[in-house]
Amino acid sequence: MSAHAAEPINAQAAEPARQGPVRRILVPAGIFLAVTAVSLLLYKNFWQLGLPAIQKAAAFVFGPVAFLAIGCGAVIVYPVARMRGAVVWEACIASLITPLAWIGKEVMRVSEFFSWTESLYYALNPTPALVVAANIGFMGLGEMLFRHAMKNRGGTAAIITPVPVAAVAFALIALYVIFIWGIGVHWFYIYQEGYKALFH
Amino acid sequence: MTGKNKFPRIGSALPGRPVSRRRALKLIGGTLAACSLAPGVSFGAGRTRKRPNVLFILSDDHRWDVMSNMNHPFVQTPHMDRLAREGVRFNNAFVTTSLCSPSRASFLTGQYAHTHGVKNNLTPWSEANVTFIDHFKRAGYDTAFIGKWHMPGSLPELKGADLFVTFTVQGGQGRYFDCPLVVDGREEPSRKPYITEELTDRALEFIGRKRENPFCLYLSHKAVHHQFLPPPDLRRLYDGADLGLPPEADSMISMVDGQIFSGMVGPLEYHYRNYCETVTATDREIGRVLDTLEAMGILDDTVVVYAGDNGYFWGEHRLVDKRWAFEESIRVPFIVRYPALTVDPGTPADQMALNVDLAPTLLDLAGLPVPRSMEGCSLAPVLKDRSVQGRDAFLYEYFKDFPYNVPELNAVRTDRYKFVRYSGRRKHEIFDLARDPKEMHNLAGTPEGDALLPELSALMERFAAGSGS
Numbered sequence: 003m004s005a006h007a008a009e010p011i012n013a014q015a016a017e018p019a020r021q022g023p024v025r026r027i028l029v030p031a032g033i034f035l036a037v038t039a040v041s042l043l044l045y046k047n048f049w050q051l052g053l054p055a056i057q058k059a060a061a062f063v064f065g066p067v068a069f070l071a072i073g074c075g076a077v078i079v080y081p082v083a084r085m086r087g088a089v090v091w092e093a094c095i096a097s098l099i100t101p102l103a104w105i106g107k108e109v110m111r112v113s114e115f116f117s118w119t120e121s122l123y124y125a126l127n128p129t130p131a132l133v134v135a136a137n138i139g140f141m142g143l144g145e146m147l148f149r150h151a152m153k154n155r156g157g158t159a160a161i162i163t164p165v166p167v168a169a170v171a172f173a174l175i176a177l178y179v180i181f182i183w184g185i186g187v188h189w190f191y192i193y194q195e196g197y198k199a200l201f202h
Numbered sequence: 007m008t009g010k011n012k013f014p015r016i017g018s019a020l021p022g023r024p025v026s027r028r029r030a031l032k033l034i035g036g037t038l039a040a041c042s043l044a045p046g047v048s049f050g051a052g053r054t055r056k057r058p059n060v061l062f063i064l065s066d067d068h069r070w071d072v073m074s075n076m077n078h079p080f081v082q083t084p085h086m087d088r089l090a091r092e093g094v095r096f097n098n099a100f101v102t103t104s105l106c107s108p109s110r111a112s113f114l115t116g117q118y119a120h121t122h123g124v125k126n127n128l129t130p131w132s133e134a135n136v137t138f139i140d141h142f143k144r145a146g147y148d149t150a151f152i153g154k155w156h157m158p159g160s161l162p163e164l165k166g167a168d169l170f171v172t173f174t175v176q177g178g179q180g181r182y183f184d185c186p187l188v189v190d191g192r193e194e195p196s197r198k199p200y201i202t203e204e205l206t207d208r209a210l211e212f213i214g215r216k217r218e219n220p221f222c223l224y225l226s227h228k229a230v231h232h233q234f235l236p237p238p239d240l241r242r243l244y245d246g247a248d249l250g251l252p253p254e255a256d257s258m259i260s261m262v263d264g265q266i267f268s269g270m271v272g273p274l275e276y277h278y279r280n281y282c283e284t285v286t287a288t289d290r291e292i293g294r295v296l297d298t299l300e301a302m303g304i305l306d307d308t309v310v311v312y313a314g315d316n317g318y319f320w321g322e323h324r325l326v327d328k329r330w331a332f333e334e335s336i337r338v339p340f341i342v343r344y345p346a347l348t349v350d351p352g353t354p355a356d357q358m359a360l361n362v363d364l365a366p367t368l369l370d371l372a373g374l375p376v377p378r379s380m381e382g383c384s385l386a387p388v389l390k391d392r393s394v395q396g397r398d399a400f401l402y403e404y405f406k407d408f409p410y411n412v413p414e415l416n417a418v419r420t421d422r423y424k425f426v427r428y429s430g431r432r433k434h435e436i437f438d439l440a441r442d443p444k445e446m447h448n449l450a451g452t453p454e455g456d457a458l459l460p461e462l463s464a465l466m467e468r469f470a471a472g473s474g475s
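Protein chains in written order, with this note's numbering: chain U, 3 to 202; chain V, 7 to 475.
In case anyone wonders, no lab produced these hints; they're calculated from the structure. Beta carbons: idealized from backbone N, C-alpha and C, even for Gly. It is possible that some hints are incorrect.
What the hints assert, rightly or not - No farther apart than 27 Å at their CA atoms in a straight line, the calculated lysine-lysine pairs in the BS3-like style are these: (1) U:K107 <-> V:K433; (2) U:K198 <-> V:K444; (3) V:K406 <-> U:K58; (4) U:K153 <-> U:K107.
What the hints assert, rightly or not - Derived DEER-like restraints, expressed as beta-carbon distance ranges: (5) U:M110 <-> V:R378: 27 to 35 Å; (6) V:P199 <-> U:H202: 35 to 43 Å; (7) U:A125 <-> V:P186: 43 to 51 Å; (8) U:A103 <-> V:R378: 53 to 61 Å; (9) U:L174 <-> V:D184: 23 to 31 Å; (10) U:H202 <-> V:A470: 53 to 61 Å.
Using the sequences provided together with the hints, build the complete structure.
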């Protein structure tokens, strides 16, 4: 969070100064969105350059960067937005822009061969569900990181409170139910049963 | 490539001969005629010889080239190699739907998915379907189905099978270790920890029963399906191997673009290594069966067929899993060993073989009539004469299987070209398999593709309306 040190601080309230909506919401969200888009583009297409010597290495860089930006971006976007004066709901929106954009891209992609209603249901499949849940957890973690930073600057608000802890707990429970329980098989079958109930 | 007389040839591997519409229709007619020979026409010798035992061994997701007899760079499959050396390996064997449940139903019934009705992993098996096991039972055989059933719906009665051993856990996929079984409707624990060994034990028990009748055994392994778990003694067998994955692949492709539904979390290399070790484990169990048959003195009186239910991508086209119409997905191992009727054992066959051919082939080799309801062809003539006319083309079909990211599609594969027509917004594809065996250059929209399109479309329509090959 070294960038935050340069941010103007409202010393009286130990709260960051509220910057304009572009700087406090769109810039942190947009940077991650751009990183995601570029990483995905390079990850998927680098092999077509015909450079086998570095293709694997490139994939090893761009793939995880995209993965982390989509699945874990909130842990950075959220506190950065807060440090720029975003209130909680604004920081939440900023945090969810990248994962929701990626989910929207996935819906568009599968709409090539699924109906629109099926494609919308696709957005609830275990992977997007886990992405959203993970980012909710990282928002909780981000809020606590933000409070910790504020405390270092003289703030008095408690770092650990029920709401951010609940967000982290929600993500961990979702991780277990969606991904770990039966190695993901049980939740997947539940999802498929939902599909059958809705579309068959 | 614009005039009729400059059309590339659709149905033959011979280079340079153009094909006209008339020629194409003749090829189609020849294809249908070739198949129409099979029903009711016995290759033969079964009626005058002692009736053979029948053993069909099916594995899951075993692609055609992961065998040492296919010159795989490191995988060792000595017992599959033995089958190929002492029998006939079909170099051009395909499934008509590259998905477990439909393909299994096609092996059992000799019918396409659009006929037997198991179109994907959601549409149930109908009790009205008749399996080749039923036919063998009616002919007086002792019959057994042992292993993976895995078709949607509840377990069938499978009246034709005297013994029905299967499993229902994990949606019918079973587990590699300590998989509970269902034996003639009753739950039983696995006696051996590893599923392939357990199923082989059950098969050997059935084979070893005292009997007066010949037997027909369908041994259907869970292996080598995901999660690709080899037994403990074979783990790390290929740790030092250079895997040689395709250049377009990378370690993470099983987790992107909806491919996570294949279940592969983690590096592709890790899974591929496990897959290869699981293939070798399956091979070892095939060896146990062959050794037992040999020790009993009945190996040469037994028709042994080994096949896979569909292929598998390991990074080709940046894909994993199966379903698509690319070669990696639709090609399968298919080896027949029956020395009594095989001329030149060890000489592979280049004729196209399909999963729907299994049932008519087995019935034909046993001298039993092949019902006209079966849509495949008997491959028995090929065992005797590797130069016999085979089919020129066949229909491939894949039905939507939400949420797997593959469009519903139909394809026609000739021995030169492949035409794929998708549902939805995706454009059709045409590949020249002779010049572009990896199917990297779609000819659709090119002058050459435009010239081929009418013929291939007509062939597809013809197949879709008829038997499919």
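Hints versus structure:
no. : hint                          : verdict
1   : U:K107 <-> V:K433             : 19 Å, holds
2   : U:K198 <-> V:K444             : 36 Å, violated
3   : V:K406 <-> U:K58              : 32 Å, violated
4   : U:K153 <-> U:K107             : 39 Å, violated
5   : U:M110 <-> V:R378: 27 to 35 Å : 47 Å, violated
6   : V:P199 <-> U:H202: 35 to 43 Å : 37 Å, holds
7   : U:A125 <-> V:P186: 43 to 51 Å : 36 Å, violated
8   : U:A103 <-> V:R378: 53 to 61 Å : 56 Å, holds
9   : U:L174 <-> V:D184: 23 to 31 Å : 29 Å, holds
10  : U:H202 <-> V:A470: 53 to 61 Å : 24 Å, violated
The structure does not agree with the numbered hints 2, 3, 4, 5, 7 and 10 stated previously, though it agrees with the rest.
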